[in-house]
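Spelled out from the first residue to the last, the chains are:
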Amino acid sequence: MVSSEPEKTRFWYNQKVRSIAVQALVLLAIIGFFAFIIINTSQNMKAHGIASGFGFLEQTAGFSISQTLIDYEEADSYGRAFWIGLLNTILISAIGIVFATIIGFFIGIARLSSNWLISRTATAYIEILRNVPLLLQILFWYISVLRALPRTKQSFSLFDTFFLNVRGLYLPKPIFEEGFANILYALLATFVLIIFLTRWAHKRQELTGQQFPVFISSLGLLIVLLLGAAALSGFPMTWDYAVLKGFNFRGGLRVMPEFVAMLFALSLYTAAFIGEIVRAGIMAVSKGQTEASYALGLHPGQTLRLVVIPQALRVIVPPLTSQYLNLTKNSSLAVAIAYPDLVHVFAGTALMQTGQAVEILGITMACYLSLSLFISLLMNWYNRAIALKEK
Amino acid sequence: MTSAFTSEPVKGAELPPPKTEIGVWGWLYHNLFSTWYNSLLTVLSVLLLYWLIPPFVEWAFIKADWVGDSREACSREGACWVFIKVWFGQLMYGRYPIEMRWRINIAYVILAVSILSLFIPKFRHKHWVGLFLFIGFPVIAYFLFVGDSFGLEYVETTRWGGLFLTLVIGILGIVGSLPFGIVLALGRRSEMPVIRTLSVAFIELWRGVPLITVLFMSSVMFPLFMPEGVNFDKLARAIGGVMLFSSAYMAEVVRGGLQGIPKGQYEAAKALGLGYWRMMGLIVMPQALRIVIPGIVSTFIGVFKDTTLVLIIGLFDFLGMSQAAITNVNWLGFSTESYVFTAVGFWIFCFGMSRYSMAVERKMHVAYKK
Amino acid sequence: MATQSAIKTIYQPNDENAILMENVHKWFGSFHVLKDINLTVRKQHKIVICGPSGSGKSTLIRCINRLEEHQQGKIFVDGIELTNNLKQIDRIRSEVGMVFQQFNLFPHLTALENLALAPIWVRKLSKAEAEEQAMKYLERVQIPEQAHKYPGQLSGGQQQRVAIARSLCMNPKIMLFDEPTSALDPEMIKEVLDVMVELAESGMTMIVVTHEMGFARTVADQMIFMDEGELIEQNTPHEFFNNPQNDRTKLFLSQILQH
Ligand SMILES: Nc1ncnc2c1ncn2[C@@H]1O[C@H](COP(=O)(O)OP(=O)(O)OP(=O)(O)O)[C@@H](O)[C@H]1O
Ligand SMILES: [Mg+2]
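First to last, the sequence lines map onto chains W, S and G.
Numbering-wise (the numbering used here), the first sequence opens with residue 1 and increments by one.
Numbering-wise (the numbering used here), the second sequence opens with residue 1001 and increments by one.
Numbering-wise (the numbering used here), the third sequence opens with residue 2001 and increments by one.
For reference, chain W alone in the conformation it holds in the complex (with noise of 0.2 Å):
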């Protein structure tokens, strides 16, 4: 930039014009590519007689859907069974993060045992499960393991109230009779006594330094009340259990096979990345902490509640969100076992009968990044509600 006279350097050798020329230019790219894509698209769609438009959600779907948690028939409409998917979606991935979080915070702690087994085992665990595909293992469990049980007539029994063959899981379904809101109001009634209680135990401890056993005597009431009021409204709920009549079971909950193995790889597979997770937050606490409250006094379990799990779960905080979004996006695979999921239901069925591939596919990507979105800004929330205590 060597120049005689620098207040004539030309304008391209500015940097606000060169910036501003840069991004118009980049903008511009876009937009031409954006209606490269929209021209042929609408050419390819009139020159296949594809329909446009989201008038399909109101027509008649037609097939029919192996597990549905709220009404459907095959008159119903893509809409409602679009509903349909995504619920089963939201159900498998709330379901497995509450399996994989349980397991892998069993399987971190169990790393970090000064058993060696223990640790070995769970060590062999996490090396094992993570460095398999998922979909493989989604598979292996759906195909190898379930598929394989016996039929119906020979199914595994326990107590001849849980059944489990080739068809499913058969589970006792609670039938509520009337009276049973007065169970609920009780339950409501115990959840708002409990709260009061861990407020009032709080506030006498701040001010007297007296401790109350919060969680026994919120346990206790939970049983004394629910059991008074099933008692007093005369026991109204039932359950229906699964009775094997001719060649199949009746009544009863079924859990689809599809779901079983669905549950089961996803909640493994992301458990050995959750143990990983665990393990490391709690490394990150370091030993002289721990030895810190010792020398004050405080015991093990005060020490792990009051010292190394608030410092700890900062770490874990972040990563575990990711995990936790991987499981919803993993939860797409069921399509390869045919669960009824989103993509399954939605994204597959319906977009082969219509061939609107634009708006489904579209509709499904936005339904991905909802779901992600509401968990980040869940999991945002509570890290900043952990993370206050620091700043």
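Incorrect hints may appear among the rest.
To be verified - With a straight-line Cα cutoff of 25 Å, these simulated DSS-like cross-link-like pairs (lysine-lysine) come out: (1) W/K203 - G/K2124; (2) G/K2074 - G/K2087; (3) S/K1234 - W/K329; (4) W/K16 - S/K1270.
What the hints assert, rightly or not - Ranges between beta-carbon positions, derived for each pair: (5) W/A284 - S/R1290: 19 to 27 Å; (6) S/G1023 - W/A284: 33 to 41 Å; (7) W/F176 - S/G1260: 55 to 63 Å; (8) G/G2054 - S/R1290: 31 to 39 Å; (9) W/S370 - S/R1159: 39 to 47 Å; (10) W/L25 - S/K1270: 22 to 30 Å.
The hints are simulated quantities; they were obtained by calculation from the structure and are not laboratory data.
Ideal placement from N, C-alpha and C gives every residue a C-beta, glycine not left out.
Following the hints, put chains S and G with the ligands in place on chain W, whose structure we already have.
Just chains S and G with the ligands now, with coordinates in the frame of chain W:
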């Protein structure tokens, strides 16, 4: 002042360490039986392992069938590895013509030799090998695999399959996503709002959706995007999808590396009169990429495992091939053997790579401490 | 192991003794870290321990509040024997304060919360009482204005003073210091030593591992030199510095006093 000592210390008292401190007993005591609940845990895990391992060993080795070449050779008392033996060729190469498999093998050999040469400490021309791997090798491999020139017969990509296809998709996916990811990472840190917004939107969009929807897009939506008559190979579209998808993850990995470069490096580069691209290319990126090697490897492991999803859109990768084998009407009922074999295959690759990246990380820690 | 009562009847620890160690041995694997340690610390006495790195100084004082477990011999703290009995360990830990080289403040709590934590959960004080007491000790270590800052926002010297105050909040009868100033910049060492001198003057029983020989000269009742897990030499500071008996002590003193 009185002495605080009650007695003179006994000098040099040499006692043997107690039994609980050394040898086998010490090890057992500290690692398995230090407290009653530790002992309980030990017993429980021994039971668990006893319940898992011996039956597996019996199934996989002791009662397994190893010899033969037809279904009749399977006694069904344990695993029937004959199944794998029969299908091995297809699991490795898919339906690639048998008499042309040498073309794939040659590519493997070239790849292996070039990668191994990178590990020879005294070898000086590593950057040439690197350049060859990124530019020369893909070209050679393309002509070898596809054929249709140099006297090689044409092989349609629909016949590609097995572990071979998995490697093609995985390697191309990651190699393609690296430059794209770098550009996106730079874009995300750019000072120009339009560039930054576009990069963020692109990255977050792909990271927020599952790969399977991207593959669906590449298989059903992409043909709609193209003008009448223009059509791409199904495999090429799938690879394109994997590249786009993983470039978003790669961008985040690279961004992590860029954030790890101290501000002083940028300032020093600017002070030397380097422009933006020179500064990035000569000073910042080489350092940033070195830091993120472990991150790149773990992204690669993720992509490698995710390539199995292509079976859903009808390509026969390693897992797809093993799925095809077990649904073959002549060979029904060997799913476990097939999955175990495929799992071991994937495991060796993924575990090996994760160990490698851990070793790199450890080496880096040492280098930084110096 | 013999029952508690049996031991107590055999040993009648002197009322004047804060700490009594008899023939204590400790191993890490086959490595003999503490070799036949015999040590009595009288109430209100200040003991300063020095010795080369790796000689077992930290291990010795960590045995006193059971952060490390000894394998042979007996340790009595304030008349209570240290065994596997968790109740006894709790009692001893709440009577023995410890200050670490690396401060070990809890980073997720403010200075005030660091101080109030143990009194609330162990001594079962009300929050108000605990915080009032905490403020008192922060004033004593001269940083009341930092009460609501987090450890990460304090200088090293301030952190160590908070750590000392945190131990004092449990009203310990004995304080253990493990190289409290060796992680500090020179200009901060003095502010921590001043607090320790003031504490010594108030009559606290203290065991201090340090290489600050000036401090040792002012406050120590007894100097101890440790090497390779043994107590090599013990004496009043005057004798210890001017007339060391053992060759290893002489060598050590000549190295460290050079600076
Ligand atoms: N947990 C442990 N496991 C095995 N060896 C240990 C352990 N802790 C300490 N040691 C060893 O015991 C010896 C004494 O350690 P200690 O920390 O007591 O020394 P020190 O005198 O305090 O040294 P420094 O002045 O460096 O702090 C050292 O050789 C050390 O390596
Ligand atoms: Mg030490």
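Outcome of the hint check:
Note on W/K203 and G/K2124: the hinted pairing holds, with a Cα-Cα distance of about 13 Å set against a maximum of 25 Å. Of the supplied pair hints, the one linking G/K2074 and G/K2087 holds, its CA atoms being roughly 17 Å apart against a limit of 25 Å. Between S/K1234 and W/K329 the alpha-carbon distance is near 24 Å, which keeps this suggested pair within the 25 Å criterion. A C-alpha spacing of about 18 Å is found between W/K16 and S/K1270, which places the hinted pair at or below 25 Å, so the restraint holds.
Take W/A284 and S/R1290: their Cβ atoms lie about 24 Å apart, and the range 19 to 27 Å holds. Taking the beta carbon of each, S/G1023 and W/A284 are about 34 Å apart, inside 33 to 41 Å as hinted. Remark: the range hint 55 to 63 Å for W/F176 to S/G1260 is upheld by a beta-carbon distance near 58 Å. Restraint check, G/G2054 to S/R1290: a C-beta distance of roughly 36 Å satisfies the suggested window 31 to 39 Å.
The hint said 39 to 47 Å for the Cβ distance between W/S370 and S/R1159, and at roughly 41 Å that hint holds. Distance hint for W/L25 and S/K1270: a CB-CB separation of about 25 Å, consistent with the stated range 22 to 30 Å.
In summary, this structure violates none of the numbered hints.
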